[in-house]
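Taken in sequence, the protein lines are chains U and P. Remember, my numbering sits 3 above the position in the first sequence when you count from 1. Remember, my numbering sits 23 above the position in the second sequence when you count from 1.
Everything labelled a hint here was simulated from the structure, so no lab data went into it. No experiment lies behind these values; they were computed from the predicted model shown. A portion of the hints provided could be inaccurate.
[As the list claims (entries may be wrong)] Dumping the calculated EDC-like pairs for lysine to aspartate or glutamate here, alpha-carbon to alpha-carbon at most 20 Å:
hint : chain 1 : residue 1 : chain 2 : residue 2
1    : P       : Lys83     : U       : Asp114
2    : P       : Lys83     : U       : Glu203
3    : P       : Lys139    : U       : Asp7
4    : P       : Lys66     : P       : Glu110
[Said to hold, decoys possible] Some, not all, of what chain U presents toward chain P, calculated at C-beta under 10 Å:
hint : residue
5    : Leu134
6    : Thr174
7    : Ser214
[Unchecked claim] For each label pair, taking beta carbons as the anchor points, the in silico distance ranges come out as:
hint : chain 1 : residue 1 : chain 2 : residue 2 : range
8    : P       : Ser149    : U       : Phe6      : 53 to 63 Å
9    : P       : Gly275    : U       : Arg204    : 21 to 31 Å
10   : U       : Arg21     : P       : Leu106    : 49 to 59 Å
11   : U       : Ser77     : P       : Ser93     : 39 to 49 Å
Backbone N, C-alpha and C fix where the C-beta goes; we use that ideal spot for every residue, glycine too.
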Amino acid sequence: MNFDYMIDHWQEILVLTREHILLCAVAIGIALLVAIPMGIAVAAYPGMRTPMLVVLGAVYTIPSLAFLAFLIPSFGLGNKPAIIVLAAYAQLALVRNIQTGLSGVDPNILDAASGAGMTAWQSLMRVRLPLALPVLIAGLRIATVSTISLATVTAWIGAGGLGTLLFNGITFNRPSMILAGTVAITALALSADLLLRFAERITPASRALHSARG
Amino acid sequence: MNALDEHQSEPETAIAYDRVSKTYPSGNRSAVSELSLTVARGKLVVLLGPSGCGKTTLLKMTNRLIEPDSGSISVDGVDIHSLPAPELRRRIGYVIQQTGLFPHMRIEENIAVVPKLMKWDKVRTSARIDELLELVGLPPDTYRRRYPAQLSGGEQQRVGLARALAVNPETMLMDEPFGALDAITRSRLQLELRRIHQDLGQTIIFVTHDIDEAVRLADVIVVMREGQIVQAGEPLDIVTDPANEFVSELVGASDALRRLSLIEAVSVATPIGLGRVPPDLTIPAETDVRTAFGAMLSAGITSIGLTNNEGEIIGSLELDTVREIARTHPVGITA
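With the sequences and hints as input, model every part of the structure.
Shown next as structure tokens:
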């Protein structure tokens with residue numbers, strides 16, 4: 004096992020990395036569009052919390068290869084089923100953290116927000132979501148990192164990305180190709196993790212907290 | 024009530040509660056039941072009572088954070104249900120315990136919340152922020168850009184007060200605003216609130232369970248128990264003439280010193296002359312009896328002279344009189 008493949012094919016790796024990022028970004032984007040309203044709804048109706056988490060937990064336990072295989076008859080091969088699977092797996096971390104973040108806001112502060120004359124929408128946008136943001140981003144970070152590693156598997160149905168290197172490496176018995184893919188995926192996941200940790204820290208809510216004296 | 028009565032020179036009504044009731048789904052008895060009360064404009068009214076007496080429920084019904092089951096409430100002559108709740112609340116200042124400041128907003132952003140909701144322009148809002156911070160004794164240059172977590176509890180509550188005053192509301196609701204502060208900070212803020220109230224003249228409804236706070240702040244104390252008003256009146260009347268055993272115990276009417284502190288020495292003075300020896304020590308006539316009593320004790324005398332603004336002795340306070348007041352109630356105010 005050596006780094007030859009990485010050195011000789013860095014341009015190909017770059018192209019695959021871009022594909023990988025794009026695939027994950029679209030999946031996470033769609034996942035957020037679904038998870039945010041769902042998280043808000045679950046926070047508003049606490050009775051929905053347990054059933055919702057049970058369903059999302061169940062989805063999470065479906066083996067990814069099986070999940071992909073189920074979708075092939077309806078969606079064919081390629082990006083589409085991959086994005087659906089990735090977005091579905093991300094729901095658990097996202098919905099749970101959005102709900103936790105929103106429900107964790109001090110009721111006293113929400114009382115102050117309505118008392119000042121904010122509508123429910125204004126209170127959500129100006130007070131609740133900003134205060135829940137650090138927890139929300141923490142969920143996004145977990146979802147993103149696991150999506151990046153999960154997106155390796157989707158290369159199996161032709162969704163592209165860095166998983167291609169792993170599958171080809173196995174097929175053609177080229178360990179240095181597998182190594183290249185692994186390194187690239189790990190580097191990508193770590194960078195995403197760092198970036199989102201940083202984002203978590205610079206939200207107004209975190210800055211305010213860290214500004215405390217002493 | 025006929026038309027003639029309405030044109031009497033009675034003080035203008037700012038807030039009126041008319042047979043207001045509220046029962047919580049979980050509670051087996053009503054939090055507030057058939058309560059009626061009118062609050063005159065510019066008064067600082069303290070709702071006083073033990074926890075669970077319905078005082079906070081009554082307060083929160085005023086700006087519709089809690090909706091009454093029945094009865095009606097009007098603020099500044101307008102039925103509170105005749106306009107959308109958020110609009111109503113923007114007109115009414117609201118201060119709560121633990122400040123309720125938005126932790127992710129700087130002090131200036133916190134104060135600007137209601138002006139922003141009312142779409143004030145930036146220049147006007149900014150000028151108002153400085154003005155308010157000055158009013159509550161926080162130098163704007165030092166405090167505007169800070170976050171609430173960087174302020175002490177007392178400073179935070181000053182900001183809470185400034186935020187509630189932002190659009191100069193005629194009515195303010197305050198829910199145990201100083202409850203979480205230490206005694207020194209609390210009494211300092213009570214003085215500031217009195218001063219601000221005297222300067223700006225809003226109608227204030229103030230909830231507390233602290234009798235000393237009530238006595239210090241109130242124009243009118245409303246004592247509540249189990250969702251109803253037990254007694255309403257000026258602090259002196261409540262303390263010296265409690266309506267029943269409950270009020271008596273609540274306000275510590277048996278606390279002789281508290282009663283003494285509510286009475287001006289001049290109101291129980293013994294006229295000068297009558298063949299008495301002129302007193303050795305004098306104090307201003309409007310000093311309260313408790314303070315005068317302290318001065319007598321430390322000087323070891325049984326009679327203290329009372330002086331008017333010109334420094335002339337106009338009477339004396341006798342130790343026997345103090346004893347008499349401490350022993351009996353109600354107190355004869357006229358002497």
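So which hints don't hold here, by number, going up?
-> The structure conflicts with hints 2, 3, 4, 6, 9, 11, although it agrees with all the remaining ones.
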